[in-house]
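Colleague: Each chain is listed here by its residues.
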Amino acid sequence: MNYPLYDELQVYLCMAALLLVIGIYGLVRRRTLIGMLISGELVFSAASLNLMAFNRFTVQDPAVGQIFVLFIMGLAAAEVAIGLSVMLAVYRNYRSITTKELTDLKG
Amino acid sequence: MNDFPSSTLILNAIFILSLVTASVGALIAVLSTRLIRSVCGLAICCLGLAGLYYFLHSPFLALMEILIYIGAVCVTIVFAVMLVEPDEPANDEKRKSALEWGGVMLVLTAGPFWALSRLALRSAWTEPDAAAKASGSISAIGIHLLTTYSMAFELISLALLVAIVGALAIARSGRTKP
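Protein chains in written order, with my numbering: chain L, 1 to 107; chain X, 1001 to 1178.
These are calculated hints, taken from the structure and not from any lab test. It cannot be assumed that every hint is accurate.
Claimed, not checked - Label-pair ranges, simulated between beta-carbon atoms: (1) L/PRO4 with X/GLY1103: 36 to 42 angstroms; (2) X/LEU1106 with L/LEU102: 23 to 29 angstroms; (3) X/LEU1119 with L/LEU102: 48 to 54 angstroms; (4) X/ARG1118 with L/TYR91: 39 to 45 angstroms; (5) X/ARG1037 with L/LYS100: 18 to 24 angstroms; (6) X/LEU1121 with L/ARG29: 23 to 29 angstroms; (7) X/ALA1130 with L/LYS100: 54 to 60 angstroms; (8) L/GLN10 with X/SER1007: 42 to 48 angstroms; (9) X/ARG1118 with L/ASP61: 25 to 31 angstroms; (10) X/ALA1130 with L/TYR91: 52 to 58 angstroms; (11) L/LEU102 with X/LEU1168: 18 to 24 angstroms; (12) L/TYR3 with X/ILE1143: 31 to 37 angstroms.
From the three backbone atoms N, C-alpha and C, an ideal C-beta is built for every residue, glycine too.
From just these sequences and the hints, can you work out the full model?
Modeller: What follows is the structure in structure tokens.
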């Protein structure tokens, strides 16, 4: 147990794969728009964790990956703001945010 | 790091704790039927991720993860949960189609997880020599942001501005005047 587990790249990569898979599962299974948004955030986190792991272990200059992840966080915040305002508009028109009822274009 | 006898053990324990926190938070976020609980699950997951970032030699990003994800994203989603209807509707699909969906989900999730983990474990990752490695401290990040990545930095701020204005415009239209 005296083996430093936190200095292994593979542990972080498997954790990122787990987060990605959980996010995909939520994206398919969730039946409301907010739930799908939360699952999308999980996928974003998986990508950030992957970038940070490679940045720590295999890159010459470790500042670059941190800047990338910072940009990902900023874009995720912008995406949440836009997504939530879209949800408010949808709720105002349909009185519901379940994905089953948003079927106006369906033939 | 080895001046304290069981420091590796303690660090391993804290690391496994943050791994478990992130996984359990993600599972809560996906599996619970009440939306407010899944928002809390997302917050827990981000807390665990902040711990992982700390172990990846980046305390700055650990703080940013807590600040942006828990402080901004989760709070915004909580506001949206308060404004729209809070719960998922009851599941009304038939048993047979549920079984089929279970099979599809198993393929969709277990397949990528197996492939990615195998890829991560089997390939040989080369580490750069430690002497030529740059520091990656907060001051290095600041210098990079103001020199090499200044254009991207400005574009991100522009994207945030457009997102805010667009969110206001979308949420405002269709509202009746009092």
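Colleague: Taking 25 to 31 angstroms as the hint, is the beta-carbon distance of X/ARG1118 and L/ASP61 inside that range?
Modeller: holds (29 angstroms)
Colleague: X/ARG1037 and L/LYS100, beta-carbon distance inside 18 to 24 angstroms?
Modeller: holds (21 angstroms)
Colleague: Can the suggested window of 18 to 24 angstroms be confirmed for the beta-carbon pair L/LEU102 and X/LEU1168?
Modeller: holds (23 angstroms)
Colleague: Do the beta carbons of X/LEU1121 and L/ARG29 sit within 23 to 29 angstroms of each other?
Modeller: holds (28 angstroms)
Colleague: Taking 54 to 60 angstroms as the stated bounds, is the beta-carbon spacing between X/ALA1130 and L/LYS100 within them?
Modeller: Holds, since X/ALA1130 and L/LYS100 (Cβ atoms, about 55 angstroms apart) stay within the stated range.
Colleague: State, for the Cβ atoms of L/PRO4 and X/GLY1103, whether the hinted interval 36 to 42 angstroms holds or is violated.
Modeller: With Cβ atoms ~40 angstroms apart, the hint holds.
Colleague: Honestly, do L/TYR3 and X/ILE1143 meet the 31 to 37 angstroms range at C-beta?
Modeller: holds (36 angstroms)
Colleague: With 39 to 45 angstroms as the target window, see if X/ARG1118 and L/TYR91 comply at their CB atoms.
Modeller: Holds, at about 43 angstroms.
Colleague: Is it true that the C-beta distance of X/ALA1130 to L/TYR91 lies inside 52 to 58 angstroms, as the hint says?
Modeller: holds (54 angstroms)
Colleague: Check the following: the C-beta atoms of X/LEU1106 and L/LEU102 are separated by a distance inside 23 to 29 angstroms.
Modeller: holds (27 angstroms)
Colleague: Given a hinted range of 48 to 54 angstroms, is it respected by the beta-carbon distance of X/LEU1119 and L/LEU102?
Modeller: violated (37 angstroms)
Colleague: Range hint 42 to 48 angstroms: satisfied by the CB atoms of L/GLN10 and X/SER1007?
Modeller: For L/GLN10 and X/SER1007 the Cβ distance comes to about 22 angstroms; the hint is violated.
Going down the numbered hints, you'll see the structure goes against 3, 8, while the others check out.
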